[in-house]
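There are 2 protein chains.
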Amino acid sequence: MAIILDGKKLADKLTAELKTAVSTLEKKPKLAVIIANDNPASQIYVKNKKKKAEEIGFESVVIPLKSDVTEEMILEHIYILNEDKDINAILVQLPLPEGLNKKRIIEAIDPIKDVDGFTSYNFGRLALGYNPYAYPCTPKGIIRLLNEYNINIEGKNALVIGRSNIVGKPVALMLQQKNATVTMANSYTKNLKELAINADIIISAMGKPNFIDSSYVKDGAVIVDVGINRINDKITGDVLFEEVKNKASFITPVPKGIGPMTIAMLMQNTYELYKIQENFIL
Amino acid sequence: MAIILDGKKLADKLTAELKTAVSTLEKKPKLAVIIANDNPASQIYVKNKKKKAEEIGFESVVIPLKSDVTEEMILEHIYILNEDKDINAILVQLPLPEGLNKKRIIEAIDPIKDVDGFTSYNFGRLALGYNPYAYPCTPKGIIRLLNEYNINIEGKNALVIGRSNIVGKPVALMLQQKNATVTMANSYTKNLKELAINADIIISAMGKPNFIDSSYVKDGAVIVDVGINRINDKITGDVLFEEVKNKASFITPVPKGIGPMTIAMLMQNTYELYKIQENFIL
Chain V
1 MAIILDGKKL ADKLTAELKT AVSTLEKKPK LAVIIANDNP ASQIYVKNKK
51 KKAEEIGFES VVIPLKSDVT EEMILEHIYI LNEDKDINAI LVQLPLPEGL
101 NKKRIIEAID PIKDVDGFTS YNFGRLALGY NPYAYPCTPK GIIRLLNEYN
151 INIEGKNALV IGRSNIVGKP VALMLQQKNA TVTMANSYTK NLKELAINAD
201 IIISAMGKPN FIDSSYVKDG AVIVDVGINR INDKITGDVL FEEVKNKASF
251 ITPVPKGIGP MTIAMLMQNT YELYKIQENF IL
Chain G
1 MAIILDGKKL ADKLTAELKT AVSTLEKKPK LAVIIANDNP ASQIYVKNKK
51 KKAEEIGFES VVIPLKSDVT EEMILEHIYI LNEDKDINAI LVQLPLPEGL
101 NKKRIIEAID PIKDVDGFTS YNFGRLALGY NPYAYPCTPK GIIRLLNEYN
151 INIEGKNALV IGRSNIVGKP VALMLQQKNA TVTMANSYTK NLKELAINAD
201 IIISAMGKPN FIDSSYVKDG AVIVDVGINR INDKITGDVL FEEVKNKASF
251 ITPVPKGIGP MTIAMLMQNT YELYKIQENF IL
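Protein chains in written order, with this note's numbering: chain V, 1 to 282; chain G, 1 to 282.
By construction, these hints were calculated from the structure, which means they are not laboratory data. It is possible that some hints are incorrect.
With a cut-off of at most 20 angstroms between alpha-carbon atoms, the simulated EDC-like pairs for lysine to aspartate or glutamate come out as follows [said to hold, decoys possible]:
1) G/190 <-> V/200
2) V/218 <-> G/243
3) V/193 <-> G/154
4) V/193 <-> G/194
5) V/190 <-> G/200
6) G/190 <-> V/219
7) G/190 <-> V/194
8) G/245 <-> G/148
9) G/193 <-> V/243
10) G/193 <-> V/200
11) V/190 <-> G/194
12) V/190 <-> G/154
13) G/218 <-> V/154
14) G/193 <-> V/194
15) V/193 <-> G/200
16) V/190 <-> G/148
17) G/190 <-> V/154
Over 10 angstroms on every C-beta distance to chain V, these chain G residues come out as not near it, computed from the model [stated by the list, open to error]:
18) 47
19) 86
20) 276
The beta carbon of each residue, even a glycine, is placed where N, CA and C say it ideally should be.
For reference, chain V alone in the conformation it holds in the complex (with noise of 0.2 angstroms):
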């Protein structure tokens, strides 16, 4: 029976300490949300990231724009906030709009308020080995939080399912900077359960409800599921937890698992850019 990986706890005791940390400070680390979508999980996802960062004790500011909003107009708010000697981070959340250029967009983010770690002189860093200004939230979340259970990463076989520039990537880029042996599949891998029950690791980011069952896993795996997939209002992951708890080793939860710790992620990487810039103006 494998050990829960705790995300919510782990989460839970980071935001507290962070509450701590924030309650000596004379001015407070502040975030920026820009939100252009009418997408009703967005619209949560932000509502919870402000919830989140005023009970930390940051300052906040969400700014909504319309959907039809153009490209030069969201261009024109991260230049502000750019400039704004108050704003520590800047989020845009996606999706965008269709039509818009988002990499323009992520781009256009000043590298030390780029709080998701996106931009490609942060992402550049990240994958060639250097520290980036931040990481992006859900892998560093994944590290941080195998790292809270002693899992051991040096040496061990990777597999990480999913590619996307938000998970997929970031997480193979460090697990491999970790010494892990890392790889990388996607939808156009043709032997993933062969793959699968060769990992020490899995890191499955496809999106596809309960996907990976125990045919999939080797007995004493190490199983993070990154799914966030919604079957009739009901929020599912990639991988049968019933089924792969009796084989895996350690195993995250959906929910309260890889989602929280995301959030507080988020938080922290505001708080250390705030440090960065506080440190610089010095």
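Given chain V, put chain G in place with the hints provided.
Then chain G, alone, in the frame of chain V:
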């Protein structure tokens, strides 16, 4: 018996094409090379790059610095080259003398003149799957050579041995971008032979002479040897060519494989940066 992936032949073809293209230009592309070490191998590399540039009709300048040069002095040279409208491409020959901050020096290169694609910005673009101004020369040469022989990458299992920022990491990201399932092995990998024997494509950049013998190779695999190992003044690759060529479907020789492709791609990058910069000016 494998087909030889003739990097020398393709490099010569591409060089000839570039020469024709450049002959029609009034203003010629110009490459600047900074070299700050007296390592004989580096001196030869730089000489060969300059020779190739001149053969094509580029202008070039080599800036030789003493190995006791300060970081600030190298940075000063880079700033001047960044501003110089006649310079299209800047290359800092590695390795740099010990004690100098390589990251800071490379990072000082304007990404639009970063002919090796080593700056965080360009490397981040590559990792994110966007077009950088320039792709690193060796990985670009590998992909170009595979393309020349119509070798299919999509859906294939590729094993990349070695994870340098110059070869292993970028070629893994580029193969993945082309829909391969990529495994990145390193010195901590425990089951290298098992991974190798299951791979459709092996890119070896580990620097161990003749290490990959036929016991590492699946029948019909594609073998790319990036090793440049000097033994008694003779250059040998990572792959035991005479043995492996009987098992592989395609194989690169050493020398005359990836080596000439790397220089050819450096020349192509110089030309491409020139074109980007000329278009900006127009």
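Results of checking the hints against the structure:
1. G/190 <-> V/200: 12 angstroms, holds
2. V/218 <-> G/243: 35 angstroms, violated
3. V/193 <-> G/154: 18 angstroms, holds
4. V/193 <-> G/194: 16 angstroms, holds
5. V/190 <-> G/200: Judged against 20 angstroms, a Cα distance of about 12 angstroms means the pair holds.
6. G/190 <-> V/219: Answer holds: residue 190 of chain G to residue 219 of chain V is near 18 angstroms, not above 20 angstroms.
7. G/190 <-> V/194: With a Cα-Cα distance of about 18 angstroms, the restraint between residue 190 of chain G and residue 194 of chain V holds, given a limit of 20 angstroms.
8. G/245 <-> G/148: 19 angstroms, holds
9. G/193 <-> V/243: Given pair residue 193 of chain G, residue 243 of chain V is violated - Cα atoms ~32 angstroms apart, limit 20 angstroms.
10. G/193 <-> V/200: Judged against 20 angstroms, a Cα distance of about 17 angstroms means the pair holds.
11. V/190 <-> G/194: Holds: residue 190 of chain V and residue 194 of chain G sit about 18 angstroms apart, inside 20 angstroms.
12. V/190 <-> G/154: Holds, because 10 angstroms separates the two Cα atoms, which is no more than 20 angstroms.
13. G/218 <-> V/154: Not satisfied, since the Cα-Cα distance of roughly 27 angstroms exceeds 20 angstroms.
14. G/193 <-> V/194: 16 angstroms, holds
15. V/193 <-> G/200: 17 angstroms, holds
16. V/190 <-> G/148: Violated, because 25 angstroms separates the two Cα atoms, which is more than 20 angstroms.
17. G/190 <-> V/154: 10 angstroms, holds
18. 47: Given that every Cβ of chain V is farther than 10 angstroms from that of residue 47 of chain G, nearest at about 28 angstroms, it holds.
19. 86: Label holds. Min Cβ-Cβ 27 angstroms, cutoff 10 angstroms.
20. 276: Given that every Cβ of chain V is farther than 10 angstroms from that of residue 276 of chain G, nearest at about 16 angstroms, it holds.
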